[in-house]
Every structure is written in C-alpha cells, then in structure tokens.
Amino acid sequence: GAGVSQSPSNKVTEKGKDVELRCDPISGHTALYWYRQSLGQGLEFLIYFQGNSAPDKSGLPSDRFSAERTGGSVSTLTIQRTQQEDSAVYLCASSISGGAFEQYFGPGTRLTVT
Amino acid sequence: AQSVTQPDIHITVSEGASLELRCNYSYGATPYLFWYVQSPGQGLQLLLKYFSGDTLVQGIKGFEAEFKRSQSSFNLRKPSVHWSDAAEYFCAVGGNTGGGNKLTFGTGTQLKVEL
Chain H
1 GAGVSQSPSN
11 KVTEKGKDVE
21 LRCDPISGHT
31 ALYWYRQSLG
41 QGLEFLIYFQ
51 GNSAPDKSGL
61 PSDRFSAERT
71 GGSVSTLTIQ
81 RTQQEDSAVY
91 LCASSISGGA
101 FEQYFGPGTR
111 LTVT
Chain L
1 AQSVTQPDIH
11 ITVSEGASLE
21 LRCNYSYGAT
31 PYLFWYVQSP
41 GQGLQLLLKY
51 FSGDTLVQGI
61 KGFEAEFKRS
71 QSSFNLRKPS
81 VHWSDAAEYF
91 CAVGGNTGGG
101 NKLTFGTGTQ
111 LKVEL
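Sequence lines, in order, name chains H and L.
First residue of the first sequence? That's 1 in my numbering, and the numbers climb one at a time after it.
First residue of the second sequence? That's 1 in my numbering, and the numbers climb one at a time after it.
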C-alpha cells in the first residue's frame, strides 16, 4: 500500500517568508509525528498528534512553528517568518497508534532558507 | 531525559566482513528501541525494533540486534555485509510517555563498504 507522502520534496524560500509543509500519513494510522533533521542538531522530535487528542508540541523550537492535523489525517507544518537556521529536512512519520508501534517515515521535505 | 549515543561516526568494512554498530541509550523506564537506515536523499527505513520479550531481534536485510539491559545497549549486527548496505544508520529510543512514542535519535553511524 501507499506509504507516507510529503510535499513539496524541496522548498527554497527567502528569509522572513512563511512556508507550509504537508504530510499525508498511511491510511488508518492515527498517530502522526514531525521530526527535523539538520546538520547541527541531528534528528529531533517536533510534534505528535494522536487521534482527536491535543497534540504534544513539546519539541517545537519556537512559536514561529505550528502544526495542525485536519480530519485526523493530513497534517500541515507551518513555519512563520523563516530564518536561516530553519533550513533542514522535515520528516513526517505515522504509526497505527501511539505507544508500542513502529513509525513509518516519509521521504521528507528539504527546506532551504536563503 | 532520554538519550542515545552512537560512538562511531564512521565505520568502514570490507564486503563480506561482519558488522557491529554500537548504540547505548539512557531511558528511565522500559525502552522501545529501533534501528533505522537512511540512504542518501532518502527517508528513514526501519530495520528492526524491540518492544519487549526476546532480547535478540531479527530485522530486514539480514540484520539483528540484541537488547542488553545491564549495559543499556542495543547493538546492530550483520554477519556478512553487502556493498548495498552502505548508508547511514540511526539508533533510536522511545517509550510510551503520555500515549506517544517520541523518538530520540543518535547522531548516526555512516557505513562505508569496501569492495
């Protein structure tokens, strides 16, 4: 079946602009995670959604970052007033549920802030 | 706070040789442990996982890992490496905290395979 998909695959934006990154999880997966992979920080957790529960935003690096998940499926990560340090690969993962289930990762969105 | 240490940044092995990638973790409760592989420009692919039970777990592509609680380790092994195994390998720890399974990753080990 279809895996996790993300769009766009690449995004170049100017400093100060807002960007939206999209994630389509595997159908039927109720848990969705966002991670960021950068040269300086490695792979780090950003935010977690589980069903209709309030998201766990504990990994978001600043209030310029936000995410939503509509209808328990598609998720959008928004970065406002982008900075050069936001340049990274943003990875989305989904799992059947939270807890002891493996996470399946999408191919990522490479964000470059110029 | 949970953490993962992968002490080897780069490893080079000859094709056909055995491989062991080290991973040590810190976690306050029973951990969930994972190994992922990432090829250039690709996402993360799960090689194997440990949640509970048998401490020796088998994964895809001939990989296995052993959970050793006393050593806080989860080393990845393969008896005979193939050239196609060249990639970056990440160890990760998670747990059922508040219903979620937020993963903390190590810094990765870059594997080079010499023909």
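Since the hints were made in silico from the structure, they are not lab data.
Errors might be hidden in some of the hints.
What the hints assert, rightly or not - Residues of chain L clear of chain H, computed beta-carbon distances all greater than 12 Å:
1. Gln6
2. Asp8
3. Gln38
4. Leu48
5. Lys49
6. Asp54
7. Gln71
8. Ser72
9. His82
10. Gly95
11. Lys102
12. Leu103
13. Glu114
Said to hold, decoys possible - Cut-off 20 Å, straight-line C-alpha distance, at most; resulting in silico cross-link-like pairs (EDC-like, lysine to aspartate or glutamate):
14. L:Lys68 - L:Glu20
15. L:Lys61 - H:Glu102
16. H:Lys11 - H:Asp24
17. L:Lys49 - H:Glu14
18. L:Lys49 - L:Glu15
19. L:Lys61 - L:Glu88
20. H:Lys17 - H:Asp56
21. L:Lys49 - H:Asp63
22. L:Lys68 - L:Glu15
Said to hold, decoys possible - Partial list, derived from the structure: chain H residues whose beta carbon lies under 10 Å from chain L:
23. Ser7
24. His29
25. Tyr33
Virtual Cβ for every residue (Gly too), placed ideally from N, Cα, C.
Each hint, compared with the structure:
{"no.": "1", "hint": "Gln6", "in the structure": "10 Å, violated"}
{"no.": "2", "hint": "Asp8", "in the structure": "15 Å, holds"}
{"no.": "3", "hint": "Gln38", "in the structure": "9 Å, violated"}
{"no.": "4", "hint": "Leu48", "in the structure": "9 Å, violated"}
{"no.": "5", "hint": "Lys49", "in the structure": "5 Å, violated"}
{"no.": "6", "hint": "Asp54", "in the structure": "15 Å, holds"}
{"no.": "7", "hint": "Gln71", "in the structure": "22 Å, holds"}
{"no.": "8", "hint": "Ser72", "in the structure": "19 Å, holds"}
{"no.": "9", "hint": "His82", "in the structure": "23 Å, holds"}
{"no.": "10", "hint": "Gly95", "in the structure": "9 Å, violated"}
{"no.": "11", "hint": "Lys102", "in the structure": "5 Å, violated"}
{"no.": "12", "hint": "Leu103", "in the structure": "6 Å, violated"}
{"no.": "13", "hint": "Glu114", "in the structure": "26 Å, holds"}
{"no.": "14", "hint": "L:Lys68 - L:Glu20", "in the structure": "14 Å, holds"}
{"no.": "15", "hint": "L:Lys61 - H:Glu102", "in the structure": "17 Å, holds"}
{"no.": "16", "hint": "H:Lys11 - H:Asp24", "in the structure": "17 Å, holds"}
{"no.": "17", "hint": "L:Lys49 - H:Glu14", "in the structure": "40 Å, violated"}
{"no.": "18", "hint": "L:Lys49 - L:Glu15", "in the structure": "25 Å, violated"}
{"no.": "19", "hint": "L:Lys61 - L:Glu88", "in the structure": "15 Å, holds"}
{"no.": "20", "hint": "H:Lys17 - H:Asp56", "in the structure": "25 Å, violated"}
{"no.": "21", "hint": "L:Lys49 - H:Asp63", "in the structure": "33 Å, violated"}
{"no.": "22", "hint": "L:Lys68 - L:Glu15", "in the structure": "28 Å, violated"}
{"no.": "23", "hint": "Ser7", "in the structure": "13 Å, violated"}
{"no.": "24", "hint": "His29", "in the structure": "12 Å, violated"}
{"no.": "25", "hint": "Tyr33", "in the structure": "7 Å, holds"}
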